[in-house]
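As a plain string of letters, each chain reads:
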Amino acid sequence: MSAVRSSAQARGRDGPLLAVQDLHTWFELRQWGFLRVGSVRAVDGVDFELARGEAVAFVGESGCGKSSLARTLLGLHKPTRGEVVFNGTRVADLRGKDMQWYRASVGYVQQDPYGALPPFMDVRRILSEPLIVHGISSRVERERRIRQVLDEVRLSPAETILDKFPHMLSGGQQQRVVIARALVLEPSMIIADEPVSMLDASVRVEILNLLRRIQTERELTLAFITHDLSTVRHFADRIFVMYAGRIVEQAPVDELLAHPQHPYTQSLLAAIADVDAANARQQREVPGGEPPSLLHPPPGCRFHPRCPHAIAGVCEVDDPPQFEPRRGHRSACWLHR
Amino acid sequence: MRRWLEGLRELRQYPSAIGGMALIAFLIALSVYTVIAIPYNQALDLWRGGEEWRMHPINAGPVWADRLTGGNKPETVLVSSADADVREAGFEGGRQVRIPLAFNYDYGDFPSEINLFLKTEDTDREAFVRLSWQTPDGETIPLGGRRIAQEDRVSISQNRALEARLGVSPHIGLFADALDGDDPSPQAGRYQLMVDAILYGEEASLDADLAVYGRVHGIAGTDHQRRDIMVALLWGTPVALAFGLLAAVGTTVTTLVIAATGVWFGGLVDATIQRLTEVNIILPLLPILVMVGTLYSTSIWLMLGVVIALGIFSAGIKMYRAMLLPIRQAPYIEAARAYGASNSRIIMRYMIPRILPVLIPTFVTLIPTYVFLEASLAVLGLGDPILPTWGKVLNDAQVQSALYNGFYYWVVSPALLLMLTGLGFAMLGFALDRVFNPRLRTQ
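Here the protein sequences come in this chain order: A and B.
Read left to right, the first sequence gives residues 1 to 337 (the working numbering).
Read left to right, the second sequence gives residues 338 to 780 (the working numbering).
If we strip away everything but chain A, and leave its shape as in the complex, we get (with noise of 0.2 Å):
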């Protein structure tokens, strides 16, 4: 349990963990430190409801701005529009011991293990750091936790690692220290922003099965979010797909992968790489172009430009909004008019 209690943690047992609705996060861009000349659009209009122990991904590829709605969920960036509703409170609108409560939780496990870790700081004092901000003095208790926590990532005994520096650790066992550092303040909710990818092949399995382990025990919602389509299937209940600070496409993920909707969707599946020898000498479809400019993203449908079909007179015209061309299964897209 969070030290920091209040009253915004009563309220709204019922209904989803997380709400946003119609989110944006933009990025002003000054010319001589006051001049606006623009907006980096990293996210624009994002809507979605995550229920309690629900483990979710977000997909897209390198700055469609699925870091940055990590970013903004975590209270890092301030949402230029919309809101984000925790537990049936408008987040914007906590201050001080509700804010430290909503901080602790929701846990943040990062990218790069390394950097993510103090480096002059030994694994005891990564821990505490965040049990001491949270109002913990008694040294003994805060003991209790970390050890509490260090077994269940598996860092056990924990005499072998309390003392030990992140330099002194493996990729693997400094992102065990990371998870153990989101876990430690008791939060509801994980947001992993590509826990994996900067972790060797070997240990990228053994943390995805670790995440999914502490995700169904404590019965945390996970938001999970990747470039990569290959790993989600086994660790998230939904896909959300995103491009150009948008989603495009959510539903379940047995649901998602075997029916994508979207061309976006498809040109993603298309591109993963099956073991195959014959794969060799085949040429396989990707989506061809570059992702859009957030700066200036293209009227009407922001894929428009790069996909394959393309309604000329509708696509570069109009946002399509959300359809629902199959149960549950949501796609932003034209085609399903």
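Just to be clear, a hint being listed does not mean it is correct.
[Stated by the list, open to error] These stretches of chain B come out as covered by chain A in the derived footprint (C-beta under 8 Å, 3 or more residues):
| no. | segment |
| --- | --- |
| 1 | 668 to 678 |
| 2 | 682 to 693 |
[To be verified] Incomplete in silico selection of chain A near chain B, CB under 7 Å:
| no. | residue |
| --- | --- |
| 3 | Gln100 |
| 4 | Asp112 |
| 5 | Gly135 |
| 6 | Ile136 |
| 7 | Pro291 |
| 8 | Pro292 |
| 9 | Phe323 |
No wet-lab data here; the hints were simulated from the structure.
Being a predicted model, the structure only gives us computed values, none of them experimental.
Think of the CB as a built atom: it goes at the ideal place given N, C-alpha and C, for glycine as much as any other residue.
Knowing the structure of chain A, use the given hints to seat chain B on it.
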């Protein structure tokens, strides 16, 4: 912590680090010894000068320097009536006292001055003394008689009548073997000053102290006020170290915290700090210090305050900013924000510790800079008015034209200590730089 210990262990491989640490340890030991041996108030009293030093010669050189160069210059000879074979005889209403003040003199040069200090007690009226000088070859030279006050000083070497009689200064004439040559030399042997006194009063007594001032004194010599320069050299050590350390700590810590604050908050805060720094960088430190010293006070602690105040927005901010900017973007700082660490915690616990190792060599080499600054101020006549410091010794030496007069020791010894301080910290600092700054490693 472990990283620091590893760094320190690595230091042992650098001879310059060992040398530097030895020099610094020596200076620190000297400071500790000084502060214990000569308490602060006593040091201030001594340096104020006056009666404390009446038995010391003026502008005497160090003994060891003279002996090393094969000289045999005289040290000060003190003879007291307490050790003399005093003969007394009473008469109606008073006493007659005869004090022979004898001493051996075996030096290769004449004394610099001769004084006789007389002190009478329980006299009804002023006593009368008559002095006569006996040389080793038996000659007796009368030095005249006079009435004396309760506490009196007879400056034998300034006795004009005697000087006229001898043809040379008394302190030369009374010791010379033959007066016919142009280049007299002192006669070795036993000299005696006979003090014949008439004291009025049944219980009257007389103490006489003869001081035959030498031309060399102690380890460091004396200055124009008879003060032992050693006092200033000793006390200058803790003062210099404290000034250097406090100024270095004060400027480094404030500069670092301000740079980190600017980097962390960015925007207007950063811009303000940068503009203030740029303005401050072009302000000339020394003239401002001279102005403060002239108009207000030259107290060393005020100077320290001004140095730190002007050092807050120093050029170091630019350097620290450049080092901190990439750290601001580090993922671990983002993680700290995500778990709710406050701004001050991020600055103090996450950003600054990251660059501390690189900072330590700079800090160590900064210390002597401030030691030199304090000495420069003192040489300019803006030294602390009461504290003895190396810079003030140099200032006195300059005012008294020490080098022109050949009192080289007056300049060399404080300068040498300043150089040792600079050398010690520089040697340690450069070695630390190699240990903590990986880019400088040779292998």
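Consistency of the hints with the structure:
no.: 1; hint: 668 to 678; result: holds (count 10)
no.: 2; hint: 682 to 693; result: holds (count 5)
no.: 3; hint: Gln100; result: holds, 5 Å
no.: 4; hint: Asp112; result: holds, 6 Å
no.: 5; hint: Gly135; result: violated, 10 Å
no.: 6; hint: Ile136; result: violated, 12 Å
no.: 7; hint: Pro291; result: violated, 23 Å
no.: 8; hint: Pro292; result: violated, 26 Å
no.: 9; hint: Phe323; result: violated, 35 Å
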